[in-house]
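*Asks:* Listed below, chain by chain, are the residues.
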Amino acid sequence: MRLFQTSHYFNYPWEQVTAANWKKYPNELSTHVVSVDILDRSINVERQVLRTERLIACKQPIPSWLSCIVGGQDRSFIREVSEVNLKEKTLVMKSHNMTMNHILQVNETVIYRPDGDVPEKRTIFDQQAEITAYGSFKRICEKIEEWSVERFGQNARIGKMGFETVLEKINKTW
Amino acid sequence: MGNIMSASFAPECTDAKVKYDDCFNNWYSEKFLKGKSLENECTELWDEYITCVNTALAKQKIKPMLDKAREDQPFSKEEIQADVKEHYERTGK
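Protein sequence lines correspond, in order, to chains A and B.
Under UniProt numbering, the first residue of the first sequence is numbered 1, with each subsequent residue one higher.
Under UniProt numbering, the first residue of the second sequence is numbered 1, with each subsequent residue one higher.
Be careful, since some hints might not be right.
So the derived label-pair ranges between C-beta atoms look like this [stated by the list, open to error]:
1) 58/B <-> 45/A: 30 to 38 Å
2) 166/A <-> 15/B: 14 to 22 Å
3) 54/B <-> 168/A: 49 to 57 Å
4) 74/B <-> 161/A: 33 to 41 Å
5) 91/B <-> 120/A: 14 to 22 Å
6) 55/B <-> 5/A: 21 to 29 Å
7) 65/B <-> 166/A: 42 to 50 Å
8) 89/A <-> 71/B: 29 to 37 Å
9) 6/A <-> 71/B: 23 to 31 Å
10) 120/A <-> 71/B: 36 to 44 Å
11) 162/A <-> 66/B: 40 to 48 Å
12) 120/A <-> 60/B: 39 to 47 Å
13) 166/A <-> 71/B: 50 to 58 Å
Within a straight-line C-alpha distance of at most 16 Å, the following computed EDC-like cross-link-like pairs (lysine to aspartate or glutamate) qualify [as the list claims (entries may be wrong)]:
14) 77/B <-> 88/A
15) 77/B <-> 46/A
16) 63/B <-> 53/A
Listing some non-contacts, in silico: residues in chain B with all C-beta distances to chain A over 10 Å [said to hold, decoys possible]:
17) 44
18) 51
19) 58
20) 72
None of these hints come from the bench; they were simulated from the model.
Just so it is clear, the structure is predicted and the values come from calculations on it, not from any experiment.
Where is the CB? At the ideal position from N, CA and C, for every residue including glycine.
Excised from the complex, chain A in its bound form (with noise of 0.2 Å):
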């Protein structure tokens, strides 16, 4: 498992960037992101708290030759689940891949709150991930190994069938 870890801020209010945070996609640089969907939406009035579900969906992340061997799907889905709280000024966001994580798992937590110095001006980005790789190349090698011998059989089945329509020519004219 290996961790990312980074954080800036964004000069406007806490407020504003939350707002704009269910407007983020689309947007011009983030052109992976295919769709989003609110799945579950709750309150919890005593706490102040805005509960999210979403589930976004991207272009396949991965380079296509990977793809081939790994299960072609066009798009991954990602579920992150959201927590507005206005008494304490923090949003927070946590997701993670649903689409291939049986080879890559990405935890990712994102917090966003005013920053101590001028809250009222600024707000602080701090985003964390745990990136955890499964299958060794070993296992990739044996996914490869698999899929090779699958399209050998295929073709070989295709092969044969050709072979037989040009026996068959051959035979009327023999």
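Mind docking chain B on chain A? Use the hints.
*Replies:* Same frame as chain A, but now just chain B:
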């Protein structure tokens, strides 16, 4: 506000989604953030949209994958609270 809204994973739900999103975004900025309302006012549009989504999730066979994801990663409120705590301990103020 004339923003381009993102599509639904199911094209047949995009219309309902755009209507719901419009209503939600307006409620979020104008009421929720200002502490004026802690009650979602877009319930009718939501019902229409989520019915479409649930049907499409089943039809496109995404539901089982989603159920498993929810089981694997509940992302509970306790977990989220722990993340916030860890964040403040690490970054300060």
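*Asks:* Taking the shortest Cβ-to-Cβ distance between residue 44/B and chain A, state whether it exceeds 10 Å.
*Replies:* Its Cβ never comes within 10 Å of chain A, the nearest being 14 Å, so this holds.
*Asks:* Between residue 77/B and residue 46/A, is the straight-line Cα distance small enough, at 16 Å or below?
*Replies:* holds, 13 Å
*Asks:* For the pair supplied as a hint, residue 63/B and residue 53/A, confirm whether the alpha-carbon distance does not exceed 16 Å.
*Replies:* Distance ~14 Å between residue 63/B and residue 53/A Cα, so the pair holds.
*Asks:* Lying within 33 to 41 Å: is that true of the beta-carbon distance residue 74/B to residue 161/A?
*Replies:* Since the Cβ atoms of residue 74/B and residue 161/A sit about 52 Å apart, the hinted range of 33 to 41 Å is violated.
*Asks:* Are residue 120/A and residue 71/B spaced within 36 to 44 Å by their CB atoms?
*Replies:* Since the Cβ atoms of residue 120/A and residue 71/B sit about 41 Å apart, the hinted range of 36 to 44 Å holds.
*Asks:* A cut-off of 10 Å on Cβ-Cβ distance, and residue 58/B was said to be off the interface with chain A. Does that hold?
*Replies:* holds, 13 Å
*Asks:* Indicate whether the distance between the beta carbons of residue 120/A and residue 60/B respects the range 39 to 47 Å.
*Replies:* Given range 39 to 47 Å: holds, Cβ gap about 44 Å.
*Asks:* Taking the minimum C-beta separation from residue 51/B to chain A, is that value above 10 Å?
*Replies:* Fine: 13 Å to the nearest Cβ keeps residue 51/B off the interface.
*Asks:* A range of 40 to 48 Å was offered for this pair. Does it hold for the Cβ distance of residue 162/A and residue 66/B?
*Replies:* Given range 40 to 48 Å: holds, Cβ gap about 44 Å.
*Asks:* Residue 72/B clear of chain A by more than 10 Å, beta carbon to beta carbon?
*Replies:* Non-interface label fails for residue 72/B: nearest chain A Cβ at 8 Å, not farther than 10 Å.
*Asks:* Between residue 55/B and residue 5/A, does the beta-carbon spacing fit 21 to 29 Å?
*Replies:* Between residue 55/B and residue 5/A, where Cβ atoms are some 40 Å apart, the hint is violated.
*Asks:* Holds or violated: the 23 to 31 Å window for the beta-carbon distance between residue 6/A and residue 71/B?
*Replies:* holds, 29 Å
Violated hints, listed in ascending order, are 2, 4, 6 and 20; each of the other numbered hints is respected by the structure.
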